[in-house]
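Please work from the sequences and hints to get the whole structure.
The chain contents come next:
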Amino acid sequence: MIIDTNVYVSHWPFRRLPGDELPELIAKLREHSVTQAWAGSFDGILHEDVGGVNKRLAETCRRTETRDLLIPFGTVNPTLPDWEEDLRRCREEYNMPGIRLHPSYQGYSLDDPRFADLLRQAAERKMIVQLVLNMEDERTQHPLARVTEPDTGPVLKLLPQIPGLRLVIQNRKREPSGKLLGRLSYQGEVYFDFAMLEGVGAIAKLIEEIPSDRVLFGSHYPFFYFESALLKVKESGLSESQQKAIFSENADLVLEA
Amino acid sequence: MIWDLHVHFSNFEGRTPHEKMADAIKFADRMSIERFMLYLGFPPHPKDPTPAELTQINDQVLEALQHWHHRAFGFVYLNPNHLEFSLKEFDRCVRDGPMVGVKLWIARKCNTAELDPIIERAAAMNAVIFQHTWVKVTGNYPGECTPSEFAELAARHPDTPLICGHTGGDWEHGIRAIRHLKNVSIGIAGSDPTNGFVEMAVRELGPERILYGSDAGGRSFASQLAKVHGANIPDDAKRLILGENLKRMLAPIFKRKGIKV
Chain R
1 MIIDTNVYVS
11 HWPFRRLPGD
21 ELPELIAKLR
31 EHSVTQAWAG
41 SFDGILHEDV
51 GGVNKRLAET
61 CRRTETRDLL
71 IPFGTVNPTL
81 PDWEEDLRRC
91 REEYNMPGIR
101 LHPSYQGYSL
111 DDPRFADLLR
121 QAAERKMIVQ
131 LVLNMEDERT
141 QHPLARVTEP
151 DTGPVLKLLP
161 QIPGLRLVIQ
171 NRKREPSGKL
181 LGRLSYQGEV
191 YFDFAMLEGV
201 GAIAKLIEEI
211 PSDRVLFGSH
221 YPFFYFESAL
231 LKVKESGLSE
241 SQQKAIFSEN
251 ADLVLEA
Chain H
1 MIWDLHVHFS
11 NFEGRTPHEK
21 MADAIKFADR
31 MSIERFMLYL
41 GFPPHPKDPT
51 PAELTQINDQ
61 VLEALQHWHH
71 RAFGFVYLNP
81 NHLEFSLKEF
91 DRCVRDGPMV
101 GVKLWIARKC
111 NTAELDPIIE
121 RAAAMNAVIF
131 QHTWVKVTGN
141 YPGECTPSEF
151 AELAARHPDT
161 PLICGHTGGD
171 WEHGIRAIRH
181 LKNVSIGIAG
191 SDPTNGFVEM
201 AVRELGPERI
211 LYGSDAGGRS
221 FASQLAKVHG
231 ANIPDDAKRL
241 ILGENLKRML
251 APIFKRKGIK
261 V
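Sequence order for the protein chains is R and H.
Numbering-wise, our numbering puts 203 at position 203 of the first sequence, and it's gapless, one number per residue.
Numbering-wise, our numbering puts 187 at position 187 of the second sequence, and it's gapless, one number per residue.
Treat the hints as calculated values from the structure; they're not laboratory data.
Incorrect hints may have been included.
[To be verified] Mimicking EDC-like on lysine to aspartate or glutamate, the simulated pairs with C-alpha atoms at most 16 Å apart in a straight line are:
| no. | chain 1 | residue 1 | chain 2 | residue 2 |
| --- | --- | --- | --- | --- |
| 1 | R | Lys205 | H | Glu13 |
| 2 | R | Lys234 | H | Asp29 |
| 3 | R | Lys55 | R | Glu85 |
The following block contains the structure:
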């Protein structure tokens, strides 16, 4: 049983992906015993009509074939006017447990006061915040749409100021930087996925730096092959209890909280 | 049968080549990788190595092979900026030694004429030739060639099988650059496991020209294997990509050297 905390619906702007149509996506997830997938929308990265993006996402996740499988994580872009209404709709109208942010694609840094305000309001609404640091390797981005990974340093300062915040850092790229990860995980309720983590045995190395209950399974499917995350667990040679925690138990606890 | 085209010492634990190999084999076993091609010595890897550095690097690989020749094969690292030395190093490590291929990296643009004698020497021995390529929107290193520059080299040697390493990283670009060159295969190692890579490669090149590799330990075996295991292609295509194509490319030099696998 797997809870995949890093799945997208709709279409990546720069290429069609196997799995970006709903039946294929559902089949892949079910093939690998995914019982719940936290789904954001590719549309949320660049579209300005965030209200429309979140409405479509909610409808997609409510369809008969996806119900109970896809859990919607809406988009909020704090650089847009009246973003607070998008957050309200996510929670009150669509009953979303969380939101997914893409600061590098929406042009704000993590020391922006609007970001702090968004985290604060999300925490007050008891919503999980997924902070996506990357969508792909910087070297292979479209030449007219280049972005860089945001500096997560400012998050360290914010964590003690926002009680109740549950923050999931997604798609930290390549090798983990142990010091920062450790400080983030001890400053607050911060979790990490490993979709973009690289190097042999990367998850085993990650849990030397942070508590294993802070690691969530995330595939970044359909952008990445789903099997990448699955095989990383195998490669890391984790114990059965560690695997169960990472595959589902940790995410279950985050969601229940 | 999984044979990995592309493994380095990086990120494997150990103080000696033997210890690093033992660690690499531990992970390879977990991922059902039967054999891998090993090249470059201990990191950091010099981008424009001197002859002394080349000797040291290749000696580390030779030392690793002493104990692990049943699990790995070696490719000799050469630098066309030191052409005469590189040809002698090829003779030492491949013609007269146990290595079976050539690794060319980023010391010099690969479309320059200085590479031709290396290609010819390697081809005469049926050694497998691997040339690193990338096309980075962030900018390549000065001597780092793109798949299009690699295509110029490949066009000058139409009867010599050549491997376009990394498929240029930006594989949508790389596949296009080399698809007209029937002597070129692609290595799929060392880039994100982006969904659709292998499907496009099979569509444009056919499965016979695609070689699985990982670029471990900098990359994981896992993410790179996923490109093949997760691809929506027939099982027989997966078998070709995961090992049969590489084994076929190596067969002539195995025969020449009397290597039985």
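Review point. Of the hints stated earlier, which fail here?
Key: Violated: none.
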